[in-house]
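Once you have looked at the hints, place chains A, C and Y on chain X.
Protein chains in written order, with the working numbering: chain X, 1 to 394; chain A, 1 to 382; chain C, 1 to 153; chain Y, 1 to 404.
What the hints contain is simulated information worked out from the structure, not anything from laboratory work. Possibly wrong hints are sitting among the right ones.
Pair ranges (Cβ atoms, derived) [said to hold, decoys possible]:
#1 P114/X with G107/Y: 54 to 60 angstroms
#2 P239/Y with R275/A: 47 to 53 angstroms
#3 A327/X with G158/A: 57 to 63 angstroms
#4 D251/A with G110/Y: 27 to 33 angstroms
#5 R380/X with G362/Y: 57 to 63 angstroms
#6 G323/Y with R380/X: 27 to 33 angstroms
#7 A286/Y with K110/X: 52 to 58 angstroms
All residues carry an ideal CB built from backbone N, CA and C; glycine is no exception.
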Amino acid sequence: MTEYFGTTVADIFATMPKRFKPEEAKEVDIAIGYEATGEGGGKWKATIKHGTLKVETVDGDLTGCKTTIHTDAETFVGVTLGKIGALDALSSQKLRVAGDPKFLMLLLPKIFTPYAAPEKKPVAVTARDIITTIAERFRPEKAEGVAMTIGYDLTGEGGGRWTIVIRDGKCAVRGGLADPLTVKMTMEAKTYTGMMVGTIEAVTAFTSGMVKIEGDMAAAGATAKFFRKYVVPGATEAEELISLRVTNAIEQRFATGPVMGRWFAGLREKKFLANRCPKCGRTQIPPREICAWCRVRVHEFVEVGPKGVVTHFDIVYFASPDPLTGAVRDTPYATAYVVFDGSTEREAVTMDLKKEDIPRLKEGARVRPVWAEVTTGSYRDLIGVALDEQEESL
Amino acid sequence: MATKRVAICAVAQHKNDSDLWHKRFQGMLLDVLEELQAQTGFTFDEETGVNTIVSCSDDFFDARTISDNGVADVLGAQYRGEEKMAQEGLNAVGYAQAVILSGYADLVLVMGHCKESQSESRRIIANMGFDPFYGRAVGLDNLNAAALQARAYMKKAGLTEEHLAGIVVRARQFAARNPYANAREIVEAGKVIASPQLCDPIRQLHAYPVSDGAVGMLLASEERAAEFTDRPVWIAGFANCMDSYFLGDRDLTANFALKQAAGRAYRKAGIADPRKEIDLVEVMDAYAYQQPLWIEGLGLCGDGEGARFLDQGGQEKYRVNLSGGMLAGNPVIIAGLYRAAEAALQLKGEAGERQVPDLHRAVAHSTTGAAGQFHSVLILER
Amino acid sequence: MTMQEDHKDCFVLEGKMALPNQYFAGRLGSRFLIAIRDRKKIMGLKCNQCGKTFVPPREYCEKCWTKIADNWVELGTEGELVNFTVVRYGDRHLPKKPPYILGQIRLDGADTPLVHIVEGIDPREVESGIRVKAVFAAKTTNTIMDIDHFEPV
Amino acid sequence: MKMHAKNRNVAIIGIGQTSFSSHKEDQNQVEMVQEAVINALADAGLKIGDIDCIVHGNMELFEMQFAPDLWHSLGTGAYGKDEYRITTGGTTGATLVCAADNLVASGLYGTVLAIGMEKLQEGNTTGGITNMADPLWFRNLQTGALTGTTAQEMIDEFGEERAKRAAMRYRIMMDKHAMLNPRAHRRFGLEYSQMEDLMANSPPLVGELRLIHMCSQSDGACAMIFTSEEKVKQGTKNPPVWIRDHIQVHREETIPNLFGFNKPEMTHHCAARTLFARNGIQDPVAYFDVFEMYDPSAWWAVDWLREFFLLTGDEHLRMLEAGDFDLDGTIPINPSGGVIASNPIGATAMLRPAEAALQIRGDAGGHQIKKEVRHALASGFGGTFWTVLMILEKELNWQEVNHD
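Next up, chain X with everything else stripped away, as it sits in the complex (with noise of 0.2 angstroms):
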């Protein structure tokens, strides 16, 4: 399989059970359909139904996918990883999605843990590939006036026994246990390419009883600092770059003032109240405590609406997620820009529409408020507004 950022697609699609979290999908029904094109590509359907996954390869059509992903074998494996922009991806085209993109965003990250490339496997080293190679990485600055001899024997497979001499600023390796050594250190060969390689922390070796040592335990401590690090030939070692996910919050006590509170005081009755500038007549809904364009204090509230006319409209396909509940919002939805009656010219205000009243939204419609079954004074009053059907029938 052809492998792009070091994984290949088949690798992603293997992980998916493990990394599926079934108590988040509860709610979720759904068959995605992934088609990866180019080498190391093909296609897959994920069907999630009640908490559960299954997840095959497809050799037609990816019918009965309520949303299917198109993208090549490489910007598939790249957004897995992130490293690929997922919003490049599309806005691109090399990703499509046929359905609503918006599983890509939001359902696939909440109900499977991020795809984490594997550990790259070891490469085979043996121990005496790391000890052979103990001289050139010797550092005689490091071990001025130093004298002594380790000895190592290292049991199980890849073993052996070998001596290593530090004696006047020089170094050298020898097969067998010299006498008398310094110290002398005990381990299973595997221990020893462990520590060296890095999968094995020396400290915990040694405390643990993994390491056997005899003779000089202060000099066994020391002989790290003779050499420099062992490098498995060929390996370029991905750094862990670190990173902190916190969500920053503050809790706010936002005042309304008087002109705000107003405003507020209006929805609780059910009314619209703007305030009108005392110079250009100007309707502000919101009522604001300036007209900007006079750049005079405006004291005047009249009640406009509850009727008005829509001037723009935006159907909105694409819905950010809420970035602290993930709440998304069904799409489409649709925001109109409302002049109400006795409003001046231009002065709109955005409101929601009724759902259902989206495929009859047009320039110049007439709409009417939904109220909130219990007004209290607060944004949460006004649902919306809905196309007027009294008008309509006009």
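Frame of chain X; chains A, C and Y shown alone:
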């Protein structure tokens, strides 16, 4: 040819309050704007009026991305130029001076606001001013960083509990005469010393109270100042300076940044010996120990001589914080702007009950960041 | 500004500003933090121009404007408490319950003291100049709090 | 808005950018900032000690970093120097250039370094933008800063086919420019032959605004160095680029303003009209050799070209269709690939004058305009349709124009 001097023509202060629950920023700023217009009669006319506004507020404290956007109308910024000083507001005065000297404008409106009471804790915001891995994680904020500085400085200067109590008692006495101050109740030294430790050695009453406020100023070129006031206050010099970010990189008692800023401001103002040439000082003392420490940085006494300065009546000689200072309560984002406003009022002779005579030159100071990482110094003249 | 305002329509709307963030320590910061986490070692960076050894890490000595990013020096995990305060107030951003000691600790081999928490001594008895040693955290947060605190030697 | 004679002339003498990308895990904020600062110093042939003052800007709530200049000072080189932090939302980068211009022109500072940055990967961009809305009212209604209303207005005015083709032609043109700029973030390799496909199949966001039309979200920083005419006369490493004039036009916040359709006069038009009038520029299309425009979406970009160039009717569409805005056209737009290609928000508006200045110097590399560039226009956009517009010049030759 552009102007050579810039005047503060008028200042307006909103009263500082611990919880202006009934007002939002727009209402506070509009009060300030209307008072400035009432004092000076300036307009926003395209030819002869204000076309440039330097605002000052903060996105964290306002809990709004682009905090100046929400108040653009009450700043008078409709179809005008506006720039937000996203630092402490004294820097807005310094920058506004540059805007006028550059020739781009001959009138600049400076408008700052902040409501500390809106957020659950100003210290949480301060904590988010530190880097995420080394500073935030260990819980640093402006109070505990100041406490580290306070301990080091008290030891160096021989500052005692009595000194700190005296600073607070005096601040409240002056605040009582300042109708714009927040904490105006007289306190006794015993009460200060008995107030609980917040963060040793900083006690409750050594720290400035949570405050909401707003300040406005009209600045004009030398050529135009007379249209708006017959008592202009001239900006003689302004400078600021940045110190190292990590607390451990600094000597917390050395006043490196403040000495640099003050030195540069004095040079611009032609001041050779600040001890002889300055009549009044407003320093941004968020905590009592800072008053003598910043006085040292301003060069009004020697290094480590802050306690002696207090003992020898330095506060009265240099008329330090006749407004009550920040100890009487100003929001942190505009505490220096309040300092400048009070210094300007004194020089104009409009400081009411707190007015003192025979003033020629005053210093207003502000600081930002943990334990005074950044300092600003403004020199004003009559 | 003495205008009497009518407060009858004024009220306070409780709300929240909250956003998720993901901060990156960078390559240099990662090496520093991983050394603490995995090797229980505290690393400093030395400026060869001014001779100072800094902690926490930074790419440049800002005073010499010299790149020091690769000039690692291993510091001691012990040091001297050079300054401290006792945090007695509670706030959500604080990592420990008050009262606790927040100190500046000059680690052996470093020129710049590190801000950290000191435990294992009564706040009433703590004084500058005592020797303290790092106690590494059992649970990693990938921050400087992988040193859980310092305690007297 | 009138302008008096500038106290002294100010030149751009150093430009430094990072690359722009969706992710920079290997750098923290300070290191990213410092990369741009070091590049700018190298470009100017200066040492950090030659800088008198730093001007810093970005948007706090993207990274959720309060007063970030304090920490970033490790990378900006502000230690021991004067420093200002000035922000205006999306226009921040351009405002920083205005501020640096003012600070040098005032005579208070000799050489000023301005730095704009954003590390959008560290924050939540849409959440940050939504936080712009009034917490009392609009925050619950709004998601980000997306609208399809401009698209609808253009469709109403010019017909569906022509309007959609214009927006997509602009978008592909930007990608062709970005392909020539190795620092650009989004470089897709789009071809005009894909126009029909993209118009029909790019995922719709709002109305006819599709994903392909929108700007990117990037990490990156830009730094610029400014100095006085007196200092320039002592010699500079690269040719100086002069800031002739700048203007800022802000407006009140309302939702219709945010989405730009509440005109009597769009802020861009007001800025352009005022700026050109006071500089005696009668025909901006003929006068300018390049325009680096802050283009948050392809629809807005096309619409705004009419406003900035004071055009009427379908003049801007005819110019676009005729290739006048291409890299080898009469007045190339965004040789850098623009905001659509790279958008580290706090630096974005600074990249406009930075890229325009590189064009004047002839140092833009692969995306250098072939003909000589003497007069450049650069814009910033932000807030509820806030505009910054500035004129850059190759030579100090506009002095004869009457200012006051």
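Evaluated hints:
Roughly 55 angstroms separates the CB atoms of P114/X and G107/Y, a value that falls within the hinted 54 to 60 angstroms. At about 49 angstroms, the CB distance of P239/Y to R275/A agrees with the hint of 47 to 53 angstroms. In this structure the supplied range 57 to 63 angstroms holds for A327/X paired with G158/A, their Cβ-Cβ distance being about 59 angstroms. At about 29 angstroms, the CB distance of D251/A to G110/Y agrees with the hint of 27 to 33 angstroms.
In this structure the hint that R380/X and G362/Y lie 57 to 63 angstroms apart at CB holds, the actual value being about 59 angstroms. At roughly 52 angstroms, the beta-carbon separation of G323/Y and R380/X lies outside the given 27 to 33 angstroms, and the hint is violated. About 56 angstroms separates the C-beta atoms of A286/Y and K110/X, a value consistent with the hinted range of 52 to 58 angstroms.
In summary, the one numbered hint that this structure violates is 6.
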